[in-house]
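Undergrad: Here's the letter readout for the chains.
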Amino acid sequence: MDDLFGPLLVGCAVALASAIGVVLARRPIYAAIFLLVHSLSLAALFGILSATMVAVGQVIIYSGAIVVLFLFVVTLLPSGGRELGPTGSRVAAGFIAGGGLVVALAAALAASSLPPTTSGDLGIAAVGRSLFSTVLVAFELTAPLLLVAIIGAVVIWRRHEPAPRTAPVQKVAEARRVVMHR
Amino acid sequence: MMGLLAWAWVFTLPGLVLTALGVPRDRRYAGYASLAGPVVLLVVAVVALLGGGSSSVAFENWLPFLPDGAYRALADELSALMLAILGFVAAVVYVYSLGYMADDPGKRRFFVYLDLFVASMALLVLAGNLAVLLIGWTGVGISSFLLISFWRDRPGTLSAGLQALAANAVGDGALLLAASIVPTGCGPLVTLSTQQCAAGPGGAELLALLLFIAAAAKSAQGPLYFWLPNAMAGPTPISALIHAATMVAAGVYVLVRTHALLELAPQVSLAIAIIGTATAIAASLASVFQANFKKGIAYSTIAQLGYMFAGVGVGAPFTGLFHLFTHASFKALLFLAAGIVIHGAGGRESLAELRGLGRFFAFSLWGFLIGSLALIGTPLVTAGSFSKDAIIDAALANQPVIGWILLLGVTMTGLYIGRLFGIVYLAPAADQHAVHHDPSAERPMNWSIVPLMLGSIVLGYLGNWLRTVLSGPLGPMEPLPPVPNLTGGLAFTLGALGFVVAVWYVRRPEYAAAPGETSYRADAWVRAIADAGYAASASLSRIQSGVLTRYVFGSVVAVAAILLIRVSLR
Amino acid sequence: MIAVYQAIGVLVLGAVVVLLLVGRVSTRPREAAWIGLPFVVVAAALGLQAPQPLSLAVVALCAVGGVGLLLVPVLEAAVPEHVAEAAALLLLGTAGAIGLGGATDLLQAVVGLETLALSAVTLVALGAGERALEAAFKYLVLGAISLAGLLFGLGLVILGTGALTFPTAAQVASNPLTLAGVVLVGMGIAFELALFPFHWGALDAYTAAAPSLAGFVMSASKLAAAFALGRLVLSAGVELGQILVWVGSLTIVWGTFGALAQAADLRRMLAYSAITHAGFIGLALGSGPNGPTTAAFYAAVYGSMAMLVFAALAGQREPRLRALGPMRAVALALGLFSLSGIPPTPGFWAKLAVLVVAWQAAGPLATLIAVAGGVFSVLYYLRPLPDLFAAVRGDEVTGRPVLVPGVLVAALAVVGLGLFPGIAWTLARASGS
Amino acid sequence: MSSEGLVLATAVGLFAIGSVGALLHRHPVAMLMSIEVMLNAANLLIVLGARVRGLADAESAALIVLVLAAAEAVIGLGLALALFRRKLVPDIDEAAEVRG
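Going line by line, the protein sequences match chains A, B, C and D. For what it's worth, this note's numbering labels the leading residue of the first sequence as 1, then goes sequentially. For what it's worth, this note's numbering labels the leading residue of the second sequence as 183, then goes sequentially. For what it's worth, this note's numbering labels the leading residue of the third sequence as 753, then goes sequentially. For what it's worth, this note's numbering labels the leading residue of the fourth sequence as 1186, then goes sequentially.
Just so you know, not all the hints are guaranteed correct.
Claimed, not checked - Calculated Cβ distances over 12 Å to all of chain B for the following chain C residues:
(1) A755
(2) V769
(3) V794
(4) Q801
(5) E828
(6) A880
(7) F904
(8) T920
(9) A932
(10) D956
(11) I1027
(12) I1094
(13) V1127
(14) L1160
(15) L1164
(16) V1167
As the list claims (entries may be wrong) - One side of the interface only, derived from the structure: several residues of chain C facing chain D at Cβ under 7 Å:
(17) E783
(18) I787
(19) L1018
(20) R1019
It is worth saying that the hints were derived from the structure and are not from the lab. Just so it is clear, the structure is predicted and the values come from calculations on it, not from any experiment. For glycine and all other residues, C-beta sits at the position ideal for the given N, C-alpha and C.
Let's have the full structure, built from the sequences with the hints guiding it.
TA: Here it is as structure tokens:
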């Protein structure tokens, strides 16, 4: 796999740089653009790691849907989403937390040696077989998850709609119910 | 009859349900549905005690996660005696309460709580293993809390109830721990002292210590006595039933029940004796400095419980139990007699306000006098002398130092009870217009204390009979000392001396001018701890600041810290 | 296993049916949300067919979801007619919870967890006022971060073991990668349980959720997480257990002190108490081979009592004790008794069971902390009782008749578990082996 | 440094960077983006695992994680919009009403 080191290095560098861009961007709109770059660089990394299916998914789902959704929301917010600058305590907290994580994970992983690479069939067909056999349950469980996401998005958005259209009918129904229960 | 008695905790439940459902509907008769419960309990217990024998109920594997998860109830002579005491005092208190609570809007609720208490107490007494004991043990604590905080609009009742809960929680914790650490199969109380169980972690010493802590919390001994004086915020019948005669004696009962275990742990026994004695002396002293009538009697209860603990601690559990038996009668009498005056004075409880008012209530006067004489141990004519002398005698024989301290302590007993009697009943009346006679409410109160008067006089003569009856559950016991005897006479002389001095002192006219004694406060250190705890909890809850960034910081740092600790210290 | 998946399928189907029927006919009374009930019953029945480890999980979760459905008609939401959505989310959340609790590999656990977490967030957001939105947002963000950690752990486990299954003790011992992964996965699930350093968002969400939904949010996540963590601990061995013991003990301390400060706010107190109970579950999970059994039992018991308390409080935006009728007052008192561990309520038996295993496996200090946290909880739970009972008058309104079934079912569950704790214990026990 | 080590280090770095971003940003949407970076870091690790172990199941897992991230983003953005759309300059720390 070491013949891939060069491309991987480039991909990783871009991914890290764009991630830093997301963190440091002063306006959410820039952060979203950095996230787009980040997402595409990850797709490239996935491709290099011969996870073709995931790479495609990353481009279509992530860059195509999620990041665009972020952009869309940013534009919906007033003034295009200005952001207050980070205070000193925030920066300090960020350094402590981020540094702590790096130290902890490095300490955890430093002692370990990565297992030797095993070759296996990672083609699209193999992934398809896997999706419909070994990880079928998890795959099917994403259906209720997406249903929850849909309902959630609708409900949370409608929460702030002014008067619902069905209000008068509802009132009648409510009144009848109260009478019935008396 | 023992078979029926093993289910005695059910007896008051029908009354509880009926009263809770509002039967009878007429408010004047609220509580009448509950009256039968304690009477049935008394009758069944007495018949069973006379009949002797024992009966047990067991449902194995009820709580499969416990070392002994069976439901075990055990009715033997010891439980029958305790249930007879419970039934007797409860029956009196129920009738008394009909008068005392006649005008209270919460009368129904009061009787429901009372029924709950009697049921829990009966279950406590019948418990055959630690799991069942815990049910009753906690149940009486809860009913006690509900009854202390009964008049929730009066200042201090809720905090008094919470103090009782906190003290009880310490005891519950000890008992919980005992129930969870005994080796498998060792839950039954009678087997705790067997070889196999005493070999568990910590051995007999740890188990005995836990039981002692539990008992001390329930019986207000040692540093855990702070809650009992404040518990007087509850209605007076409650003070008589729960906080004098029965619940607070539960600690003594449990120690008597498991006395074989104590014999395996001599150091714990000695600690029990020492703490009991120290509590007796300290509480007697504190009682002399009380400005509140009921609190004065409450400290007396703590002191007498100290005598019982000392009796158990010096290796004479029967004397402790005997004193529990007579004390239930005369201490309930003292409280209920006091309650008549308090009720007649419109709920006033401070000694300055009650000064001299007792003379207008004949039953109360005679009741309190008989109770006081029993308390200081007048030989031959009162029950207290028999049992208290037995404790002092046993202590003199086994731990002479403790015996002498207990003997001299009787002087203090005379002092405090003489002071209360002198101020309320013998001093010239401070304000006789404060007295309101209400015959319809007073009648049940007056007549209900008559049985207690009789009991306070004659029950002592039952000592030797009880000793024979209880030889089954308790094993062989030393004989009781003959009455009258030298130590008894000495103790009475000291007590009477204290009594007379106190009465003389408080009847002087100068004393009336200076009634503003400062009350000794038992709960200062508890309040300090509680304040610190609440302050800590308030500052801790401020950490939950509501700011998302801080939450994120906390979570991320926690992840890093746990990873570091777990992975790198490996 | 197939029965578990069938149960999940039935619940999802129920959600769709509820959405189609109730959403369509908005003139229907709000009780129409009860259309979902038969699906819950069928799912529970299917759950009984599942292997012993999981039958308790499925049945308990269905019970929690069912009582939740019964309470939906009195939803105190910002937009009142969201009854259908609330009902559907309850069913989907139950399905996700079963997916998490019954997961046979880590990926299933992750997807189930996310389904449960997102429906919980949305249910919290349904509550009234900006408070609910704010709490939901905090819960979501913290949940997303813990999900990221969990997935990172999953990646490490895959690297270390080459499989998606729960790693075994041998695998954990042989490779630090796997150990780090397991710890991260454990902490991700601990977030659902609301253990101490990860409880922040959950606490606020529990406080601000609508009362009729709060019970479900609090207990479904605990139940599912207890089962999933139990499986992880059983498989991965003591490494995770020791962390859980200390995290659990700290959680008990934190929750107890926090609850003591809430003299005036019943909802906040109940939220803190949920944290304390999570601590007991965590402590149990870390306590040796019998720990997961005890934790499952505890979680099932907690579910019943939390549902009872919130069934009694449902229909009121702010809990006013005086407005409860006698029936709900008694139900609330029973729930509070059980939460505080007064025998013979199930809460007490559960606590006792935890103490037994903790003494055996977690050591005296952790046991003492648990004892203290357990017994002193009466100080905050029973504080409202004198007021509560004094407020009961026979002639007052009984409250809303629509609440009766929910209160009744929850009360029956609590009483039944109190009288016959052995049944739930036996069901949970097999999950230990 | 091996290729695997490089990718592993990158994943760790991205995870930490994401968490720093979640702490630095005060705009709710930007904060959610930082969290997306964390999720991506985890996904990179999973894909690395698939590659190193030759495990197609792990690749499927990575696909499913994409779905999780999408669902998370949808709800998160919905909440952020509902909570902050009236604020000219949104600041998540202002929403601290539920506390204590």
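Undergrad: For every hint, state whether the structure bears it out.
TA: Here's how the hints hold up against the structure:
1. Every Cβ of chain B is farther than 12 Å from the Cβ of C:A755; the closest lies at roughly 25 Å, confirming the non-interface assignment.
2. No Cβ of chain B comes within 12 Å of the Cβ of C:V769; the nearest lies about 37 Å off, and the non-interface call holds.
3. With a closest Cβ-Cβ approach of about 30 Å to chain B, C:V794 is found to remain outside the 12 Å limit, as its non-interface label requires.
4. The Cβ of C:Q801 sits about 24 Å from the closest Cβ of chain B, beyond the 12 Å cut-off, so the non-interface label holds.
5. Interface exclusion of C:E828 from chain B stands, the closest Cβ pair being 21 Å apart, more than 12 Å.
6. Once the 12 Å rule is applied to beta carbons, C:A880 is consistent with being away from chain B; the minimum gap is 18 Å.
7. With 12 Å as the threshold on Cβ separation, the claim that C:F904 sits away from chain B is violated: the shortest Cβ distance comes to roughly 10 Å.
8. Its beta-carbon lying about 17 Å from the closest one in chain B, C:T920 satisfies the requirement of being farther than 12 Å from that chain.
9. For C:A932, the shortest C-beta to C-beta distance to chain B comes to about 6 Å, within the 12 Å cut-off, and the non-interface label is violated.
10. The beta carbon of C:D956 sits about 7 Å from the closest Cβ of chain B, which is not more than 12 Å, so the claim that it is off the interface is violated.
11. Look at C:I1027: its CB is around 10 Å from the nearest CB on chain B, not clear of 12 Å, so calling it non-interface is violated.
12. Not every beta carbon of chain B lies more than 12 Å from that of C:I1094, the smallest distance being close to 5 Å; the non-interface claim is violated.
13. Not every CB of chain B lies more than 12 Å from the CB of C:V1127, the least distance being 4 Å, so the non-interface label is violated.
14. No Cβ of chain B approaches the Cβ of C:L1160 within 12 Å, the least distance being about 18 Å, so the stated non-interface status holds.
15. Taking the minimum C-beta to C-beta distance to chain B, about 18 Å, the non-interface status of C:L1164 holds against the 12 Å cut.
16. Listed as outside the interface, C:V1167 is consistent with that label: its C-beta sits roughly 15 Å from the nearest C-beta of chain B, beyond the 12 Å cut-off.
17. At a threshold of 7 Å, the smallest CB-CB gap from C:E783 to chain D is about 28 Å, leaving the interface hint violated.
18. Because the closest C-beta pair between C:I787 and chain D is about 25 Å apart, greater than 7 Å, the hint is violated.
19. Taken as an interface hint, C:L1018 does not check out: its beta carbon lies about 13 Å from the nearest beta carbon of chain D, beyond 7 Å.
20. Because the smallest distance between the Cβ of C:R1019 and any Cβ of chain D comes to about 10 Å, over 7 Å, the interface hint for this residue is violated.
Against the hints set out earlier in the document, violations occur for numbers 7, 9, 10, 11, 12, 13, 17, 18, 19, 20.
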